[in-house]
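**Q** In case you want the letters, here they are:
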Amino acid sequence: MKRIVVISGKGGTGKTVLSAALVSLMKNGVAVDCDVDASNLHLLLAPDIRREEEFRFGETARINRDLCDSCGRCRSVCRFDAISEHDEIDPVFCEGCGACALACPRNAVEMTENVSGRWFISETRFGPFVHARLDAGEENSGKLVSYVKQKADELAQERSASVQIIDGSPGIGCPVIASLAGVNQALIVTEPTVSGLHDARRVITLARHFQIPVQVVINKYDLNPEMAQTIEVFCRDESIPLAGKIAFDPSVVSSMIAGQTLMEGASAQIRQAVREIWESVAG
Amino acid sequence: MNKNIVVASGKGGTGKTTVAVNLAWAMKGQTRLLDCDVEEPNAHLFVKPDILHRQEVTVPVPSIDEQRCTQCGACARACRYHALAAVKGKVLTFPDLCHGCGACGIVCPSGAIREIPKVIGDVESGRRSTLEFVHGRSRVGNAITPPIIRAVKQHVSRDRINLLDAPPGTSCPFVTTLQHADFCILVTEPTPFGLHDLSLSVDVLRQVGVDFGVVINRADLGSDMVHRYCAQQQIDLFAEIPFDREIASACATGEILIEALPHYRQMFHDLIYKIIERTLA
Amino acid sequence: MKICITAQGDQMEAPVDPRFGRCAYFLIIDSQTGEMSAIHNNGGASGGSGVQAGQTMADHQVEAVLTGNVGPNAYQTLQAAGIAVYAGISGTVQEALECFRQGDLPSPMAGPSVESHFGEA
Numbered sequence: 001m002k003r004i005v006v007i008s009g010k011g012g013t014g015k016t017v018l019s020a021a022l023v024s025l026m027k028n029g030v031a032v033d034c035d036v037d038a039s040n041l042h043l044l045l046a047p048d049i050r051r052e053e054e055f056r057f058g059e060t061a062r063i064n065r066d067l068c069d070s071c072g073r074c075r076s077v078c079r080f081d082a083i084s085e086h087d088e089i090d091p092v093f094c095e096g097c098g099a100c101a102l103a104c105p106r107n108a109v110e111m112t113e114n115v116s117g118r119w120f121i122s123e124t125r126f127g128p129f130v131h132a133r134l135d136a137g138e139e140n141s142g143k144l145v146s147y148v149k150q151k152a153d154e155l156a157q158e159r160s161a162s163v164q165i166i167d168g169s170p171g172i173g174c175p176v177i178a179s180l181a182g183v184n185q186a187l188i189v190t191e192p193t194v195s196g197l198h199d200a201r202r203v204i205t206l207a208r209h210f211q212i213p214v215q216v217v218i219n220k221y222d223l224n225p226e227m228a229q230t231i232e233v234f235c236r237d238e239s240i241p242l243a244g245k246i247a248f249d250p251s252v253v254s255s256m257i258a259g260q261t262l263m264e265g266a267s268a269q270i271r272q273a274v275r276e277i278w279e280s281v282a283g
Numbered sequence: 284m285n286k287n288i289v290v291a292s293g294k295g296g297t298g299k300t301t302v303a304v305n306l307a308w309a310m311k312g313q314t315r316l317l318d319c320d321v322e323e324p325n326a327h328l329f330v331k332p333d334i335l336h337r338q339e340v341t342v343p344v345p346s347i348d349e350q351r352c353t354q355c356g357a358c359a360r361a362c363r364y365h366a367l368a369a370v371k372g373k374v375l376t377f378p379d380l381c382h383g384c385g386a387c388g389i390v391c392p393s394g395a396i397r398e399i400p401k402v403i404g405d406v407e408s409g410r411r412s413t414l415e416f417v418h419g420r421s422r423v424g425n426a427i428t429p430p431i432i433r434a435v436k437q438h439v440s441r442d443r444i445n446l447l448d449a450p451p452g453t454s455c456p457f458v459t460t461l462q463h464a465d466f467c468i469l470v471t472e473p474t475p476f477g478l479h480d481l482s483l484s485v486d487v488l489r490q491v492g493v494d495f496g497v498v499i500n501r502a503d504l505g506s507d508m509v510h511r512y513c514a515q516q517q518i519d520l521f522a523e524i525p526f527d528r529e530i531a532s533a534c535a536t537g538e539i540l541i542e543a544l545p546h547y548r549q550m551f552h553d554l555i556y557k558i559i560e561r562t563l564a
Numbered sequence: 565m566k567i568c569i570t571a572q573g574d575q576m577e578a579p580v581d582p583r584f585g586r587c588a589y590f591l592i593i594d595s596q597t598g599e600m601s602a603i604h605n606n607g608g609a610s611g612g613s614g615v616q617a618g619q620t621m622a623d624h625q626v627e628a629v630l631t632g633n634v635g636p637n638a639y640q641t642l643q644a645a646g647i648a649v650y651a652g653i654s655g656t657v658q659e660a661l662e663c664f665r666q667g668d669l670p671s672p673m674a675g676p677s678v679e680s681h682f683g684e685a
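Line by line, the protein sequences give chains A, B and C. Okay, so the first sequence: first residue is 1 according to the working numbering, each after it adds one. Okay, so the second sequence: first residue is 284 according to the working numbering, each after it adds one. Okay, so the third sequence: first residue is 565 according to the working numbering, each after it adds one.
No lab work stands behind these hints: they were computed from the structure. Hints should not be assumed to be uniformly reliable.
Here are the simulated DSS-like pairs of lysine-lysine, each with C-alpha atoms no more than 30 Å apart in a straight line [stated by the list, open to error]:
| hint | chain 1 | residue 1 | chain 2 | residue 2 |
| --- | --- | --- | --- | --- |
| 1 | A | LYS245 | A | LYS27 |
| 2 | B | LYS401 | C | LYS566 |
| 3 | B | LYS401 | B | LYS557 |
| 4 | C | LYS566 | B | LYS371 |
| 5 | A | LYS2 | A | LYS245 |
| 6 | B | LYS371 | B | LYS331 |
Which residues of chain C face chain B? A few of them, derived with a C-beta cut under 7 Å, are [stated by the list, open to error]:
| hint | residue |
| --- | --- |
| 7 | ALA622 |
| 8 | HIS624 |
| 9 | ASN637 |
| 10 | ALA644 |
| 11 | ALA648 |
Where is the CB? At the ideal position from N, CA and C, for every residue including glycine.
Work the whole structure out from these sequences, hints included.
**A** So this is what it looks like as structure tokens:
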């Protein structure tokens, strides 16, 4: 089974819009949204949610006011600045490490299980879709991403799917690492800017560390042909195949507003570019 | 006067760094720019600062004093990150998994745990012209970014206006940047993705209790959905930056927008003044 | 002796799980009597799953682990605990147990067989 993850390093390069377009070309596949912090893929796939589960990860500390005598020991050991002068633990900043609970001489700190998000299994017009939502301020450790991928694998097995298109996370941290694990192809979407190239390099280093073959797509390449050239040269020097180049085109935005994937709403030149990218990574 | 103004966006790529850099540059003798997007710091590509000071960021990880260790295993049981294992009379440490919380040291009954620093990133500071600049960079493969963000924030100025370029998203790194901020500018784009992520950011800001306003970038490339949302939510729209191929071009090559296209200078001057006024109100 | 075989299900007929730290189940088996108890691992912890799994083996006085692959943290923990590691095991748990009883396994690992984060999908 082909598992293709779409990542970018830098946010906003068009990763999710391209993922949706590739999903629309799947014959028998599973769409997976691993970008759990502010996920967007569902806005184009219009999922019909069939299963919804809470995701519990870690714990949050809470002070029992009846037992607390304001000695302040918890505040002095908290490394995350989560305990106020008034002995209140801010759940947004609490990391759930438990140091305060261990340090409290009155046993006044309780560690309570934390619901940090939700994951979903849905049906879409292109097939099954596994996605999730991480609650605000939560640690994006990659655990929820791993859950989503596990569910996607199970679903793919059930449906005898031949491909998974995975929308990955921006950056180079744990969620990206979790998105990358076990995939056979990484598609890096970049833009012809110094930031785009800078960040693509960092994420390519990461993908190579996990020995995952990479290909690159340059989005909105005609906004700066010189920079686009620089990126092409970089790819050549690094022996990275260029899966495709997509021109800047207002029809991309209008199709997004209409809730359509590129293959449903964008111009002919865009659709052709997407088909070439599909051939390169999944053909 | 010192203020901490965070420039953030739920969605990546909306122009957060462009706005932060140009706001700082518009009043450069009175501002300090702190790039807190430590996984992918980009502000330096535009500011091109002379780096004057470099410092490693470390987290304290446990080191076991085998003479004092009684192999009770309490440290391994206390660690929520499985960075310690107590097996067959030995305690193993796994610094890559350690979050630096100190729980192991607290629980050890024999004082056998000492903390040693493990490098996870760097903070650099410097200047370009009269703009003061700080940024943090996480080492590739490092899992924990909040300590690096906190290290960057230690460099906030006491007498300048601090502009903090936040990491995208609404999870832990963004929230860490936002802590103790006086104001937050949310940069968005008038598309379904922009609106969706804007509303998530707004939820966090309301939860954390930080005052905020919105800047719409590429304002004519999309629909009026963000305007309608802001009106409905009674959120102040502070500025609208049009889609302009010249802006895209200038940013693509790492130029500071208001230097490359001086007719935009007024817009950023007005914006920073408006923000400062708001923080004084 | 007490051994552990990583499994995709909680029955002896279940296929061996190729992952150690992130396996679905640990089946702890008495190699003589065949008595088995299953521990639901469910993909392990988000971080430190290898260490946690190694610790679990030590806590259950397991003497040998049969699995597909073992990452560096898990390997280090198992080695410190004096637990023999047999990697590259496949088939069903029952079949793996038989191979173990016959002494029909390749020699134990001298180092981890995969990089960290294996099996996160």
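**Q** For LYS401(B) and LYS566(C), compute the direct alpha-carbon distance and say whether it is at most 30 Å.
**A** Violated. LYS401(B) to LYS566(C) sits at ~38 Å, over the 30 Å cutoff.
**Q** Please work out if LYS245(A) and LYS27(A) have their alpha carbons no farther apart than 30 Å.
**A** Status holds; Cα separation ~23 Å.
**Q** Please verify whether LYS371(B) and LYS331(B) have alpha carbons no more than 30 Å apart.
**A** With a Cα-Cα distance of about 54 Å, the restraint between LYS371(B) and LYS331(B) is violated, given a limit of 30 Å.
**Q** Checking one constraint from the list: CA of LYS401(B) to CA of LYS557(B), max 30 Å. Satisfied?
**A** 42 Å, violated
**Q** If you take the shortest Cβ to Cβ gap from ASN637(C) to chain B, is it below 7 Å?
**A** With a minimum Cβ separation of about 5 Å from chain B (threshold 7 Å), the hint on ASN637(C) holds.
**Q** For the pair supplied as a hint, LYS2(A) and LYS245(A), is the alpha-carbon distance within the 30 Å limit?
**A** 22 Å, holds
**Q** Measuring from the C-beta of HIS624(C) to each C-beta in chain B, is the shortest one below 7 Å?
**A** 11 Å, violated
**Q** Holds or violated: is the Cβ of ALA622(C) closer than 7 Å to a Cβ in chain B?
**A** With a minimum Cβ separation of about 4 Å from chain B (threshold 7 Å), the hint on ALA622(C) holds.
**Q** Keeping to a limit of 30 Å between CA atoms, is the pair of LYS566(C) and LYS371(B) held or broken?
**A** 16 Å, holds
**Q** Given a cut of 7 Å on the nearest C-beta pair, is the interface hint for ALA648(C) held or broken against chain B?
**A** With a closest approach of 13 Å, the ALA648(C) hint is violated.
**Q** Against chain B, run the beta carbon of ALA644(C) and see if the smallest gap drops under 7 Å.
**A** 5 Å, holds
Going down the numbered hints, you'll see the structure goes against 2, 3, 6, 8, 11, while the others check out.
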